[in-house]
Amino acid sequence: MKNELEPLSDPGLPEHVHRKSDVDPQAAKKAERQVAILFALSALGTILFIYSYIFIPEDTLIFLPIFNNTNAHQLFLGLGLAMALFFIGMGAVHWAKTLMPDHEVVAPRKEQRSDDEDRAALVAAAKEGAAAAGLGRRPLIKRTMGLALGLVGLSPLLLLRDLGPLPENELNETNWKAGTRLVTDPGDRPIKPSDLEVGAVAQVQPEFPAGKVRHLDDIAQDSVLLIRIRPEEFNLDAERLSWTYEGIIAFSKICSHMGCAVALYEQTTKHLLCPCHQSTFDVTRAAKVIFGPAARPLPQLAITADSEGYLIAKAPFNEAVGPSFWGRDSG
Amino acid sequence: MSARERLAGGTANFIDERTGAAKWMKKTITKVFPDHWSFMLGEIVMYSFIILLLSGTFLTFWFDPSMKEVEYEGSYEPLNGVTMSAAYASTLNISFDVRGGLLMRQIHHWAALIFMAAMVVHMLRVFFTGAFRKPRELNWIIGVALLTLGIVEGFLGYSLPDDLLSGTGIRIAEAIIQAIPVVGSYLSFFLFGGAFPGEVFIQRIYAVHILLIPGIMLALITAHVMLVWYQKHTQYPGPGRTEKNVVGYPLMPVYMAKAGGFFFIVFGITAFLGAVASINPIWIYGPYNPGQIGAGSQPDWYMGWLDGLVRLSPPLETHAFGITISWNILIPGLIIPGIIFTLMAFYPFIEQWMTGDKREHHLLDRPRNNPTRTAIGAMSLTFTLVALINGGNDLIATHFDLSINQIMWFSRIGIIVLPPIAYVTTKRICLSLQRADRELVLHGRETGRLVMLPHGEYVEVHEPLTPERAYLLTSHEQLAPLEIGAADENGVANPQGLKGKVRSRLSQAHQEQITKPTTKELLELEEGHH
Numbered sequence: 001m002k003n004e005l006e007p008l009s010d011p012g013l014p015e016h017v018h019r020k021s022d023v024d025p026q027a028a029k030k031a032e033r034q035v036a037i038l039f040a041l042s043a044l045g046t047i048l049f050i051y052s053y054i055f056i057p058e059d060t061l062i063f064l065p066i067f068n069n070t071n072a073h074q075l076f077l078g079l080g081l082a083m084a085l086f087f088i089g090m091g092a093v094h095w096a097k098t099l100m101p102d103h104e105v106v107a108p109r110k111e112q113r114s115d116d117e118d119r120a121a122l123v124a125a126a127k128e129g130a131a132a133a134g135l136g137r138r139p140l141i142k143r144t145m146g147l148a149l150g151l152v153g154l155s156p157l158l159l160l161r162d163l164g165p166l167p168e169n170e171l172n173e174t175n176w177k178a179g180t181r182l183v184t185d186p187g188d189r190p191i192k193p194s195d196l197e198v199g200a201v202a203q204v205q206p207e208f209p210a211g212k213v214r215h216l217d218d219i220a221q222d223s224v225l226l227i228r229i230r231p232e233e234f235n236l237d238a239e240r241l242s243w244t245y246e247g248i249i250a251f252s253k254i255c256s257h258m259g260c261a262v263a264l265y266e267q268t269t270k271h272l273l274c275p276c277h278q279s280t281f282d283v284t285r286a287a288k289v290i291f292g293p294a295a296r297p298l299p300q301l302a303i304t305a306d307s308e309g310y311l312i313a314k315a316p317f318n319e320a321v322g323p324s325f326w327g328r329d330s331g
Numbered sequence: 332m333s334a335r336e337r338l339a340g341g342t343a344n345f346i347d348e349r350t351g352a353a354k355w356m357k358k359t360i361t362k363v364f365p366d367h368w369s370f371m372l373g374e375i376v377m378y379s380f381i382i383l384l385l386s387g388t389f390l391t392f393w394f395d396p397s398m399k400e401v402e403y404e405g406s407y408e409p410l411n412g413v414t415m416s417a418a419y420a421s422t423l424n425i426s427f428d429v430r431g432g433l434l435m436r437q438i439h440h441w442a443a444l445i446f447m448a449a450m451v452v453h454m455l456r457v458f459f460t461g462a463f464r465k466p467r468e469l470n471w472i473i474g475v476a477l478l479t480l481g482i483v484e485g486f487l488g489y490s491l492p493d494d495l496l497s498g499t500g501i502r503i504a505e506a507i508i509q510a511i512p513v514v515g516s517y518l519s520f521f522l523f524g525g526a527f528p529g530e531v532f533i534q535r536i537y538a539v540h541i542l543l544i545p546g547i548m549l550a551l552i553t554a555h556v557m558l559v560w561y562q563k564h565t566q567y568p569g570p571g572r573t574e575k576n577v578v579g580y581p582l583m584p585v586y587m588a589k590a591g592g593f594f595f596i597v598f599g600i601t602a603f604l605g606a607v608a609s610i611n612p613i614w615i616y617g618p619y620n621p622g623q624i625g626a627g628s629q630p631d632w633y634m635g636w637l638d639g640l641v642r643l644s645p646p647l648e649t650h651a652f653g654i655t656i657s658w659n660i661l662i663p664g665l666i667i668p669g670i671i672f673t674l675m676a677f678y679p680f681i682e683q684w685m686t687g688d689k690r691e692h693h694l695l696d697r698p699r700n701n702p703t704r705t706a707i708g709a710m711s712l713t714f715t716l717v718a719l720i721n722g723g724n725d726l727i728a729t730h731f732d733l734s735i736n737q738i739m740w741f742s743r744i745g746i747i748v749l750p751p752i753a754y755v756t757t758k759r760i761c762l763s764l765q766r767a768d769r770e771l772v773l774h775g776r777e778t779g780r781l782v783m784l785p786h787g788e789y790v791e792v793h794e795p796l797t798p799e800r801a802y803l804l805t806s807h808e809q810l811a812p813l814e815i816g817a818a819d820e821n822g823v824a825n826p827q828g829l830k831g832k833v834r835s836r837l838s839q840a841h842q843e844q845i846t847k848p849t850t851k852e853l854l855e856l857e858e859g860h861h
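Going down the list, the sequences are from chains B and F.
Counting from 1, one number per residue, gives the positions in the first sequence under my numbering.
Counting from 332, one number per residue, gives the positions in the second sequence under my numbering.
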């Protein structure tokens, strides 16, 4: 298996070359002074650290090129600490490199494997131990022990059950109902079509009854983007067109890919872009995916206006918003 | 005997009478460590882990791992009066109202980046020099486990401040969990205590980030270092270095001074970065809100390649029988990383299977002398780098004025086409370098000196190599490919069948070498010259 051709012979370790500090006492003295200076610099660093902590006010800004305005307290505290640590290290390494012995030492290396004798002794002892316990002769003990050990692991798993509720139907539902008013986010003001000019975008939430608090969980499901374009620019089938109102179309803002907020709207192309993974949706074609990893359009919310002229949801979302999950199509 | 000697002697006696430590210590303080700059990479990993423990402990004294909504009141004016989680508010407090708090936060984050970077580079060193070979396979596997844990630990750590950027990262992680077939939405509801984001995940990942994972990592690092200690360090090949010895400096005093000093150097540099280089300025991002997002959202670099894989994935989803399977999330988010880390962990055994080499190795390989391994490494690196580049495609697009769609298509095609090209190119380069080594040994160094011979011919003078250099270039071992699969002398077909054929083919590819020069060839050449 091995290359049978004779390799070149090993000339052995190269001859040791003495350092200047090994032969010249003057150089050794100089190296000693250098090490001392490095350690002294470290001490200075700690003094700078203490000074900065106590005497530099925390809101002092100084101007530095490249870094612009920098907080002097934080900067000098950090520089002091950095100096204090760095120069201890430099001192120790310089000491080792110039003054400590630099003779390379050769030590032998053994194979990791134990001797055959030791191995045989171990096997014998293990077998003897197992025989003494009588595991092989008492299958009843072996089986019940296996059962007990197998089952005991279930208890901690069971305790984890209360980490959270079951999903039930929660991923399929939002707070949008037929007739829910659209309110601005932030501001919670109801919105009229005239509030949005052609080309404008607005983020809205469903109106909550007085007293109900909007949590982040709600925002993670309910966030909707309103976009107004000229009605003739829509390229929708009759049903989807009827979900728009005077050129205003509403989409879930939660990306159908991984749930990021789809926040970038390009007015000229009428594309919505998710900043996380660059899925791109065409607003005029019911948020059809035209690029990127998303596999589904953003869910569209059917909207209309109520008797007072405020925008309302015509119906709840007809599909789950946000990223996909196993049972998504079953509800 | 001076008072100091008596005190030291007394203490040592006290300990030795109770532990018998003297025998072990005697061996230990003269233990020999080979010296090479690349052996320092693992040290950086260990030291930045210690820095992480120290700075992290400091941060826990002020950080409030709670998602309770509070109204911020503090030194950072722009956010005064804004509703946010207690976690975010306390991170602002650490950054602006605790003296040295921002410094410690920045040291902690920089140390985490250095920890991960040093771990990756250390791993590359171990891979390309073959240091993972027997008897060190276990330590390689521990290393893969530490890398995986490090990625998770880092991700959880930068998610704790509950800012807009990190919350977006958590949202993506939640989507990956939710995409797991059958149990996904259940797992997500258990982890988040209900629908995303819920009110508990910060306190849960806090417990995992400061206790569970660091505890496991500490145990693994201890085992890793103990194995290095026990098995003795590998060494680079060269004159006087063999499989049966260790050449280097004794622990006491040289190695101790150098390694101990190096800890302070690493800490000092990390502190310097924490002082001057702003990192993760969460006050600019604002508190997390699932309805908002910042443009150019990026994970830390060690997550970047995973994000890049997700970004370049084609829009594949299966909808059938009332269920949904998101291949666009599962393949780049779970399946490919799973395959990569599994192959990585098993690589030492895969290589052993290809070469049939079951012996111990303590001398490192020069990467060129194992062209196939080096090529596999280059191929994997290329794959990861293309993914990483795609993870920053939005920033690359805005900074270099490119189309994001073009970058994405470049990555989609590149991730399939470029790794094989890297493999072939690297292997060819390695073989060429072997050829150059061979030339060098046989014909010496080209001096550039031209000499005219008496009969008018011009020749270039070649200087023979020193015996040390010639030995270095020829001391490596060249294994012949395994011979399996062929029928034996009685005409009986090999019982291993297809498996044997695959193995023999792989072994042939793996053992492709430029035959190194031998003493005989050298002698013949010398005779020819004279």
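Don't read these hints as lab results, they were simulated from the structure.
It cannot be assumed that every hint is accurate.
To be verified - Computed list of lysine-lysine pairs in DSS-like fashion (alpha-carbon distance at most 30 Å, straight line):
{"hint": "1", "chain 1": "B", "residue 1": "K97", "chain 2": "F", "residue 2": "K399"}
{"hint": "2", "chain 1": "B", "residue 1": "K110", "chain 2": "F", "residue 2": "K830"}
{"hint": "3", "chain 1": "B", "residue 1": "K110", "chain 2": "F", "residue 2": "K358"}
{"hint": "4", "chain 1": "B", "residue 1": "K127", "chain 2": "F", "residue 2": "K358"}
{"hint": "5", "chain 1": "B", "residue 1": "K212", "chain 2": "F", "residue 2": "K465"}
{"hint": "6", "chain 1": "B", "residue 1": "K212", "chain 2": "B", "residue 2": "K314"}
{"hint": "7", "chain 1": "F", "residue 1": "K758", "chain 2": "B", "residue 2": "K110"}
{"hint": "8", "chain 1": "B", "residue 1": "K20", "chain 2": "F", "residue 2": "K362"}
{"hint": "9", "chain 1": "F", "residue 1": "K830", "chain 2": "F", "residue 2": "K758"}
{"hint": "10", "chain 1": "B", "residue 1": "K110", "chain 2": "F", "residue 2": "K832"}
{"hint": "11", "chain 1": "F", "residue 1": "K830", "chain 2": "B", "residue 2": "K97"}
{"hint": "12", "chain 1": "B", "residue 1": "K97", "chain 2": "B", "residue 2": "K127"}
{"hint": "13", "chain 1": "B", "residue 1": "K97", "chain 2": "F", "residue 2": "K358"}
{"hint": "14", "chain 1": "B", "residue 1": "K97", "chain 2": "F", "residue 2": "K575"}
Unchecked claim - Selected chain F positions facing chain B (Cβ under 10 Å, derived; list incomplete):
{"hint": "15", "residue": "H367"}
{"hint": "16", "residue": "P528"}
{"hint": "17", "residue": "R572"}
{"hint": "18", "residue": "V607"}
{"hint": "19", "residue": "I615"}
{"hint": "20", "residue": "G617"}
{"hint": "21", "residue": "D631"}
{"hint": "22", "residue": "G635"}
{"hint": "23", "residue": "A767"}
{"hint": "24", "residue": "L771"}
{"hint": "25", "residue": "H774"}
{"hint": "26", "residue": "V792"}
{"hint": "27", "residue": "P795"}
Even for Gly, the Cβ is constructed at its ideal location relative to N, Cα and C.
Would the pair K830(F) and K97(B) pass a check requiring their Cα atoms to be no farther apart than 30 Å? Status violated; Cα separation ~54 Å.
Using Cβ atoms only, decide whether L771(F) comes closer than 10 Å to chain B, and label the hint accordingly. For L771(F), the interface hint is violated, since the closest Cβ of chain B sits about 13 Å away, which is over 10 Å.
Does G635(F) pass the interface check with chain B, least Cβ-Cβ distance below 10 Å? Constraint on G635(F) not satisfied, violated at 13 Å.
Grab the minimum C-beta distance from G617(F) to chain B and call the hint holds if it beats 10 Å, violated otherwise. violated, 12 Å
With a cut-off of 10 Å, does the beta carbon of R572(F) approach a beta carbon of chain B closely enough for the hint to hold? holds, 8 Å
Per the CB criterion, is V792(F) less than 10 Å away from chain B? For V792(F), the interface hint is violated, since the closest Cβ of chain B sits about 22 Å away, which is over 10 Å.
Using the nearest Cβ pair, does H367(F) come within less than 10 Å of chain B? With a closest approach of 12 Å, the H367(F) hint is violated.
Within a Cα-Cα threshold of 30 Å, do K758(F) and K110(B) meet the stated pairing? Answer violated: K758(F) to K110(B) is near 34 Å, above 30 Å.
Verify the proposed pairing of K110(B) with K358(F), using a straight-line Cα cut of 30 Å. holds, 15 Å
Is the interface hint satisfied for V607(F)? The criterion is a beta-carbon contact with chain B at less than 10 Å. Result: holds, 7 Å to nearest chain B Cβ.
Regarding the pair K127(B) and K358(F), is the alpha-carbon distance no greater than 30 Å? Not satisfied, since the Cα-Cα distance of roughly 34 Å exceeds 30 Å.
Given the hinted pair K830(F) and K758(F), is their alpha-carbon gap at most 30 Å? Judged against 30 Å, a Cα distance of about 25 Å means the pair holds.
In summary, the numbered hints that this structure violates are 1, 2, 4, 5, 7, 10, 11, 12, 15, 19, 20, 21, 22, 23, 24, 25, 26, 27.
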